[in-house]
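A.B. asks: Here's the letter readout for the chains.
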Amino acid sequence: MTATTVSAARQSSPGWLKNLRTLVSGQEGALTLSLVLLVIVVGTANPRFLAQQNISDILLNSSYIAVAAIGMSAVIISGNIDISVGAMIGVLATISGQLSIVPGMPIWISWLVPLIVGPLIGAVTGFLVAYLRIPSIVVSLGMMSILKGGLILATGGVWIYNMPPEYKLAQQSFLGLPVPVYFMLVLTILAALWMRYSPSGRAIYAVGGNKEAALLSGISSRTVLMRVFMFNGLMVGISSVLFATQFSSIQSTVPNGLELTIITSAVVGGVSILGGTGTVIGATLATILLRAIGNGMIFINVSAYWLQAVQGTLILVTVLIDLLRRRRQAAQIRG
Amino acid sequence: MAVTERSSQLTKQSNPIVSRLRAVVLSKEGILFLIMIAAMFILSLLTDKFLTTNNLLNQLRLVTEIGLMALPMTFIIITGGIDLSVGSIFGLSAIVMGFLWQDSGWPLELAIIMCIVVGTIAGFINGLFIVRVGVPPLIMTLATLALYRGMALGVSEARSARGFPDWFFDLGQRQFLGIPSQLWILLIAAIMVGIILARTPFGRGIYAMGNNELAARFSGIPVRLYKLVIYTFSGFMAGLAGYIFTSRISTTRADMGTGLELDVIAAVVLGGTSINGGSGSIVGTMIGLILIQLLKNGLLLGGVKGDATIVIIGAILILAILINNLVQRRTGGD
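Protein chains in written order, with this note's numbering: chain A, 1 to 335; chain B, 1001 to 1334.
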């Protein structure tokens, strides 16, 4: 739905047919199409897949990943990567959970603190990348170790229980959909608008596409990178609150491999790992698609053991389709 | 800093030996080596259990698998690529070996060969898609990270293979000429691969590709073939490492080696190989590998908790690159 409106708005030339064609040939269109196909195929094979509860579950479980994938998309578009996001989510969720069980502490503080600490961690990473010019993969690899070790050191990896019911933001519903779904939708739209239409958003593409050209056109790549990593920190902060409030208990460790899930969402969503291209809408659609695939396979009785293998194959297929599409587009431009 | 300045004054008097020495000491590997010696010195003060031949050899035994995979990873990162799937190939190869032997009744010798063959094929598939279809290495290996791990899970259905005969443990748990057996493999492989990278046209081609792939192609370097070779080699080493690891810990499970790719990459990057490609060395990778393990072990023996050790290693990873950046920038200036 959101993809339609924004992609259509992007198209300045009139003609709905042309609009539709650009939409379907784009990565966002391809993802939407795959999603529709998946729903039809799995829904026909097993109508229970289409039950409102299941759809709402898929969306709920996509939400915190999609929000983090928004930040990751910005980081990758700027020509960098952040491997520490999984560890950040672990740390921030623990902080949030711990604050929520402090007697007499207003609940909103436990929601707010991750949104402050997240950008602070992002600022440290951003500073090391932008000003000290250490490659982001190294910085975030180091940051991951520091956060992971620090978290277990500080907490011993204990489980946090007994969070007050009003803390559990992600378990609330509004108009039949879980609250995190609205976070996912609104943040995706806002981020997409910011990155597409504002100068500070366009600058991210410029820095990722061609650093020198960006510099010559008066863009300070340092400022942009600082902003990107702090933005990523904010998104991870929000993601961690959604994550922490979704479950009845939080283990104060780092969720295993979460960073790869998030990076995969961004990449399958069409964000080029070489920097400079991609959209957050693609990333969000990819998150939902990947979740729906995982969920759908259970409904058509794929053995749980083969789930990950099928998922890996599908990621590969998505990437290949995108690659072929781009090659054809490039040929069209040349021809 | 003071040392640096003094040595730079010395070279102004242009003594060829001193300036040669200075070049070695101030190279990325030289700096890293000094950091390693300093770390070993400090760690040996923390505990007298650290600096013993037995302990050091044992620590090297533990890093053999990561070391073997770090060799091709050095090549790959120098070309500007990456292989995130090595941990999954490692797990898949070992699972195939375990279940061919345990469930399908293959002779163990043949299963071991299949372990390495499966790894090699997995790496070859990565390489094939990267050079033939043009999938960026990060995306290709991200996909196969999930795919190969998924296959390992599917084949094993989360069971483990165990109960290997006694001779199977020779490589992983015993010694040969007073040194842990598998260490010989790492030693020989590192020397051979180091020479190939530093002294052959193939090695120079790898650097050329990392600096400017297009220019490398135009100067007649078979870029695609070289890439196919290094990704296949990466799979081969991951398969071999899977076998050695199984022999060391006596059992194999599908989740074996999860996240190992980051340890491998950390060793390579700490060793001074630029993640953007174009520079790096096997010597650096080996120092990086040993430095990480000695820190882990020394701090643990010194009574530092395991989790604090991870924190320190993370900080050292960033610091070492930072120091090296500063030194290289300073010396690169004159």
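Everything labelled a hint here was simulated from the structure, so no lab data went into it.
Remember, it's a predicted structure, so these values are computed and weren't measured experimentally.
Treat the hints loosely; a few may be bogus.
Listed next, with one range per pair, are the computed distances between beta-carbon atoms [as the list claims (entries may be wrong)]:
id	chain 1	residue 1	chain 2	residue 2	range
1	A	Ala331	B	Asn1276	51 to 61 Å
2	A	Gln171	B	Ala1158	50 to 60 Å
3	B	Ile1113	A	Ser198	57 to 67 Å
So these bits of chain A aren't anywhere near chain B, every CB distance computed over 10 Å [what the hints assert, rightly or not]:
id	residue
4	Pro47
5	Leu99
6	Gln172
7	Val179
8	Gly257
9	Arg327
Glycine residues also receive a C-beta, built at the ideal position from the N, C-alpha and C atoms.
A.B. asks: All hints are to be evaluated individually against the structure, with a verdict given for each.
C.D. replies: Each hint, compared with the structure:
no.: 1; hint: Ala331(A) x Asn1276(B): 51 to 61 Å; result: violated (29 Å)
no.: 2; hint: Gln171(A) x Ala1158(B): 50 to 60 Å; result: violated (30 Å)
no.: 3; hint: Ile1113(B) x Ser198(A): 57 to 67 Å; result: holds (59 Å)
no.: 4; hint: Pro47; result: holds (27 Å)
no.: 5; hint: Leu99; result: holds (22 Å)
no.: 6; hint: Gln172; result: holds (32 Å)
no.: 7; hint: Val179; result: holds (30 Å)
no.: 8; hint: Gly257; result: violated (7 Å)
no.: 9; hint: Arg327; result: violated (8 Å)
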